[in-house]
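Residue strings, one per chain:
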Amino acid sequence: MKYKAYEKIYHLMLLPGVIFLFIFSVIPMFGVVIAFQDFKIGRGIADSEWIGLENFLYLFELPDGRTIFYNTVYISAMKLIAGLIVPLAFAILLNELRLVMLKRWVQTVVYLPHFLSWVILANVFTEMLSLGGIVNRVVKWFGGEPVMFLASNKWFPFILVASDIWKDFGFSAIVYLAALAGINPALYEAAEMDGASRVKQLWYISLPSLAPTVALLATLGIGHILNAGFDQVFNLYNPLVYESGDIIDTYVYRVGLVQAQYGFATAVGLLKSVIGFVLIIVSYRLAYKYANYRIF
Amino acid sequence: MVRSKTWSSRLSESVLILVMIGIALTSVLPILNTVSISLSDTAAAAGGFVNFWPVGFNLESYAQIVQEPHFLNAFGVSVKRVLVGGALNFILTILMAYPLSRTGAEFRYRNAYMWFMLFTMLFSGGVIPHYILVKSLGLFNSIWALVLPGAVPVFNVILMMNFFRSIPKELSEAGYMDGAGPWYMLFKVFVPLSTPALATVTLFSIVGHWNAFFDGLIYMRSSEFYPLQTYIQQLAVPMDLQTADSTQIGLLEKMSNKTLNAAKIVVSMVPILVIYPFLQKYFIHGIMLGSVKE
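From first to last, the protein sequence lines are chains A and B.
Residue 261 in our numbering sits at position 261 of the first sequence; the count goes up by one each step and never skips.
Residue 1282 in our numbering sits at position 282 of the second sequence; the count goes up by one each step and never skips.
Rather than coming from a laboratory, the hints here were simulated on the basis of the structure.
In this text the structure is predicted, and so the values were computed from the model without any measurement.
Positions of the beta carbon are idealized from the N, C-alpha and C atoms, including for glycine.
No false leads were slipped in.
Pairs of lysine-lysine residues, derived as DSSO-like cross-links and limited to a Cα-Cα distance of at most 27 Å, are as follows: (1) B:K1135 x A:K40; (2) B:K1169 x B:K1188; (3) A:K103 x A:K167; (4) A:K154 x A:K167; (5) A:K140 x A:K154; (6) A:K103 x B:K1281; (7) B:K1080 x B:K1135; (8) B:K1281 x A:K167; (9) B:K1169 x A:K4; (10) B:K1188 x A:K8; (11) A:K8 x B:K1169; (12) B:K1080 x B:K1281; (13) B:K1188 x A:K4; (14) B:K1281 x B:K1188.
Here chain B is said to cover these stretches of chain A; the calculated rule only asks that three of the stretch's residues, wherever they fall, bring their Cβ under 8 Å from a Cβ of chain B: (15) 9-19; (16) 29-42; (17) 84-95; (18) 132-143; (19) 253-261; (20) 265-277.
Beyond 10 Å from chain B on every Cβ pair, some chain A residues (computed): (21) D47; (22) E54; (23) G65; (24) A77; (25) L80; (26) V100; (27) W203; (28) A211; (29) I225; (30) Y288; (31) K289.
Construct the complete structure from the given sequences, taking the supplied hints into account.
This is the structure:
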């Protein structure tokens, strides 16, 4: 066919992107060998000493290992569950709203926080949750004792989850709103004729129609359970809440780049990548099999 | 469809409206709090009297920002980053998405490239190997360290590719019949037809560049090269330590520049707030279209 003549041009179009991906994605993959080395940046990969699995064994001995793994999964799981329910509830409520103007306005406003960085939001929350901040003024007004929210191991994980949901519930609701918009209106009309109330319509039409989307998002979410949100935790935490808030990614940063234990930090990161990779493959397979999901 | 306007349905309708307004307000109140602090009197802000409206309105903190060369410099670095990085992302996205959107019959090697992309998406060397790579390429303290590692936004490429595939095949067939080559088809037919999707991925990439702080933190050895978010992040570091010690002196020190810090945060939000209304009408549409596959 005539098309074949264009294949050269297609290769040419892809070339710059492939070069960039090769340099900045493929080459670092070979860099993980330093997980098996006592890596010294001055010597480089070629001349650093090989130490086998020592870095990994060291991690298993450290009490930190268990803490960061537990925190990561715990925070991530809470975010996953709340991140399914809250946007779903919001989308359903928004869908019930009959005033089109108000609906648009609400949508525009709730999407906004998604586009602000955790650096900015961490500053905003640090101020609001400080001892003299607005939240503690409300607490005091109700007669409670002011709490140092961001320095308390009891409150910190909860604040991580709540602020994460606050930032993204609007944006996550887009998927559900699309699914709701795709429901055949004839179903609602028929239900209305049969005398179903709005609550009944919600229960027997809207929710069952959304169930596959929820299941799909839950499945895909499990693949990312070891990503508890580096940007957020990194910008909100402090040494007082390492116990409840330190996750794998923040630990790798601190131990690796701040304390310059490159080999050890890479070993931690590699372990995370391997588990994460297996989880992603499993979750995508499940999504493919049961929800017919494809990335492309 | 006529809905019966009973008393109870009107009540539930009103409750719903109030709830939705409440939710929408929750999304903006924290930001409003910061804006109010930035516009307030220093003493009022330090004493914790500012809620959602400035107390002792003044623009002093903003006047102070103008005199801070460090802040302005960081702002400049971020603008440069968005322009260079955004342009690079944009070009590479369309250049990669077009050939990948062709069918296997048109482009035999499509799947090999797809697998390569998927491979880079699933596997990653992690933070430390990336750091060592950027260091050994000699990119430290240069804008290229912020722009080149993320030059190919793989997620955006997939989104665009899915969008290009949704453009009717007949169109490209007709184009090729009339003698248009791939370059012409891409830039004169596909790109103009893809405005909503392109606006979406451009918004993602611009926002991503504007919001990034971590690469600036680890690749820039001197604060004069910091992009804005890294600069702001560094403001927060001493604050964090003070919360940790919670010593009297620390707190006082922190309070004294509360309004100034708030003003810096507000200024760093401004570009997002400015482009957001223009692009937000596109992005919902764009995400939907990009995610439709068949």
